[in-house]
Amino acid sequence: MALLVDRRTELGSQPVLHALIGGVSAYRHLPNGSGEPAAKDFGMQQLSSTALAAFKMARWLLDHQDRLPVPLATCRLLLSPSPAELQVEAGLAGLADPALLDNFLAAADAWREDCSTHRDNIALFYFAGHGVQRSRDDAVLLLEDFGARGGGALRNAVDTNTLFSGMSPSAGRPEMARTQLFFVDTCRNRPAEFSNTELMSTTPVFDIELSDRDDRRAPIFYAAVPGSLAAGIRGQQTLFSLALLACLDGAAAEPVEEEGGVRWHVTVHSLSEALDREIKELNEQKHADQDFTVGGQAKEAMICVLPEPPQVELVLEIDPLDALPVTHVKVRDASLKLVCNLKAPLAPHPFQRSLPAGIYQFSAQIKPPGDSLHDVQLLEQLRPSRHHVKLKVRP
Amino acid sequence: MSIVRFELQLGAQEVGWLDMPIEVRRPDLRLVAHVLCSQAVELDPGTYFVSTRLPSGLELSQRVRISKRSRPQTVTLTPAAAESSPDAWQAVQHYLGRQAPGQRYEQPAVLGLEAALPQLTLRILSGNVLTGTLQETQQIAQPQGTGDGTARIDVQASDVLMIAQLLQPGQPAVNVALPVGGGQGCSIFLTRVSNQRVTIDVYLSNTEADLLLRYRERGMLQQAIVASTSDSLSAERLLLLKGADPVAAAVGAYTLLRLGDLERLHTWAQNLYNRFEWLPDGAAILGEHLARAGQHREALAALLEIEQRGLPLFADGLSFAIDRLRLYASAGERYFPAAQRERAQGLVAELQRFASFVDFTRALLTWTGDEPASPDAAVLAADISVYNGLDVRDYVG
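Protein sequence lines correspond, in order, to chains D and E.
Using the working numbering, the first residue of the first sequence is number 1, and each one after it goes up by one.
Using the working numbering, the first residue of the second sequence is number 1, and each one after it goes up by one.
Just chain D, with the same shape it has in the complex (with noise of 0.2 Å):
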């Protein structure tokens, strides 16, 4: 049940992305859950929109494969979803087995397995639901059934330290992916509220075997949210998920030359960039306090390549307000060739047209022109997925 995807048969030992992605909302032993309270809870709740941010992250990879700089193989996929979404997204129900202890364990070994077998395989892993940040680059990942009586607190629980460790070449698995991209996309819960003691006994992912020379390419997308909720809209999907699938769409794209011509590539360090922006613009749409920080090993690699270039949502501004009245505006591209012409006054002001991203030409012109405003010409190069333009007339 785990494997939504499977086509090692089909695609023999060429070079493959394997995916492991996890998200849980509902969990068993929190508040509300359908299972006997947790000893300790740590004042954390149900989560609603971690499972479904999984899924839609599962449901890109499957629907942009051809985006990718080389064939899904495999995407393993561990759903705990919470009533809410089952009722947005019914096609939750019964995709995925839960995302308990034993299934995350026996499905990260299994996508280890397959992603030892040829060093120019690509790893992916996204996890979205309840963590603990013990370091930048250490989360601790709280799995369905977190909170069941025996063991440790953190029993049913995992992290990234021993996942990372376990995916780095080494004498056992020489041919390791040497690209690998973790998302881990979870709530910071206070880890003061933790003892040291139970910090440390979480239940390892794999194993302890020390690495050879690590040369892998692996970035940690870490979302950083402070306090123990998630940052996510009810029923739908994180904010930082709704960032990446963003990004992966386009808002990270950056031009590339290829083949003589330019291609727009989504690459580890595009992706970094552009999630700070989105992920500004989401805070000031939701009013949200989301951040983000890139751990692990952020050596550049491809993620996904675009079919044409993005296109970016401009938004034109005249600065003073009252110089609307007078001020006409043109925009070129970079042939110089006229693709606004936009006579005064701008309305709607600010004015937002759709273009595909590249460099453009403003100019604001006064007619007739006024004793404290003059013309104004700038250059931009409009980035996606959104940028904005100012156009000050008055010096």
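The set of hints was computed from the structure by calculation and includes no laboratory data.
All C-beta atoms, glycine included, are put in the ideal place defined by N, C-alpha and C.
Keep in mind that the hints are not guaranteed to be accurate.
[Said to hold, decoys possible] Residues from chain E that face chain D, not an exhaustive set, calculated with beta carbons under 7 Å:
| # | residue |
| --- | --- |
| 1 | 49 |
| 2 | 61 |
| 3 | 64 |
| 4 | 65 |
| 5 | 218 |
| 6 | 260 |
| 7 | 263 |
| 8 | 292 |
| 9 | 293 |
| 10 | 327 |
[What the hints assert, rightly or not] According to the in silico footprint, chain E covers these stretches of chain D (three or more CB under 8 Å from chain E):
| # | region |
| --- | --- |
| 11 | 265-276 |
| 12 | 288-297 |
| 13 | 374-386 |
Position chain E relative to chain D; hints supplied.
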């Protein structure tokens, strides 16, 4: 072909010589060159788009036309007047700073402030929090600031570890490791972000290294790669020549580790560790470098030095140390003797006490607690006059 040079004009001496990464693109966005401001490029006849992006998000650009008969030319990149720094002393923060989520200074008039900040105290402490030698220092320079929301306090170079502590009512005390040492000081900026809250940010006096740090903080890794190749950030200049700057060298080394560029680290990590025994980051960097090379016994030996050297100045250092030590503590007898694993476990527990209160979105180690050696998230009372330190309320406004 024509030679094109670049010049950055930011209107303030402190940031005037920044060796910024410059992109040169064709109109169809094909990348022609990604170089440093100090480097010249040779361009074929045609039209080019030259741009640079600052960590603050500001982008400076120019169109350049090269004809067959073009002479060598210099492209000057400068911000529009409205985007320039309001004062020279704020330039570092203005161009290199970053607004964290929820941090947006609003003018007192916009906020409708009925009163100034109730109290605001800055303390500078020196010593090693791990070995219990921390004490308050009385040496705080006169702040710059006119009460318009931002104040700057410069801290002189020191050969001991230092911490800045910001105390304000109703907020946890915030501690920031100060990047001072090896003849280099730093600047503390206090910024009012709401009616009741002031944030603290610290900038290295080596603006090239600070630029690198800020690029990484903002996820601008491509810019960080190019910035890290600047001559002024070479291992030789930062570690071996007269006037070495080990803190900047640590920034460079962390960048190379994060970007997985182990070849360039070469002897960098070992030199940093050997030559600057007072710098905790030297141990964290060498430990991580050796671990990546598969030399785990040597890595553990280096990491255990943190017991004596103290908390790393940078969050990356603490993170690398905790993660490796935790792994080594759990590794079996075939890797490390029991005594070493016990030491590793003890040090992880000690470092985790701090990590639980660290803000890992910040590059410099930043944690909460009015007793820096006993971190917590306790909110300070309405009256903070029990604490010594400098009253900086009037400078921030």
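Structure-based check of each hint:
With a cut of 7 Å, the hint placing residue 49/E at the interface with chain D holds, because the nearest CB-to-CB distance is about 5 Å. Annotation: interface hint on residue 61/E holds; nearest CB of chain D at approximately 5 Å, less than 7 Å. The closest approach between the C-beta of residue 64/E and any C-beta of chain D is roughly 10 Å, which is over the 7 Å cut-off, so the hint fails. A least Cβ separation of about 12 Å between residue 65/E and chain D goes past the 7 Å threshold, and the interface hint is therefore violated.
Here the hint on residue 218/E is kept, as its CB sits about 5 Å from the closest CB of chain D, short of 7 Å. Because the smallest distance between the Cβ of residue 260/E and any Cβ of chain D comes to about 4 Å, under 7 Å, the interface hint for this residue holds. Interface hint at residue 263/E: violated, since its Cβ lies 10 Å from the closest Cβ of chain D, which is beyond the 7 Å cut-off. Nearest Cβ of chain D to the Cβ of residue 292/E: about 5 Å, under the 7 Å cut. The hint holds.
Evaluation of the residue 293/E hint against chain D yields a held restraint, the C-beta minimum of about 6 Å falling below 7 Å. Of the supplied interface hints, the one on residue 327/E holds, with its beta-carbon coming within about 6 Å of a beta-carbon of chain D, less than 7 Å. Taking a C-beta to C-beta cut-off of 8 Å, the region 265-276 of chain D contributes 7 residues in contact with chain E, enough for the three needed, and the coverage statement holds. Against chain E, the region 288-297 of chain D contributes 9 residues with a C-beta closer than 8 Å to a partner C-beta. That satisfies the three-residue criterion, and the hint holds.
Counting residues of the region 374-386 of chain D whose CB lies closer than 8 Å to any CB of chain E gives 3, so the stated coverage by that chain holds, three being the minimum.
When held up to the earlier numbered hints, the structure conflicts with 3, 4 and 7 and fits the remainder.
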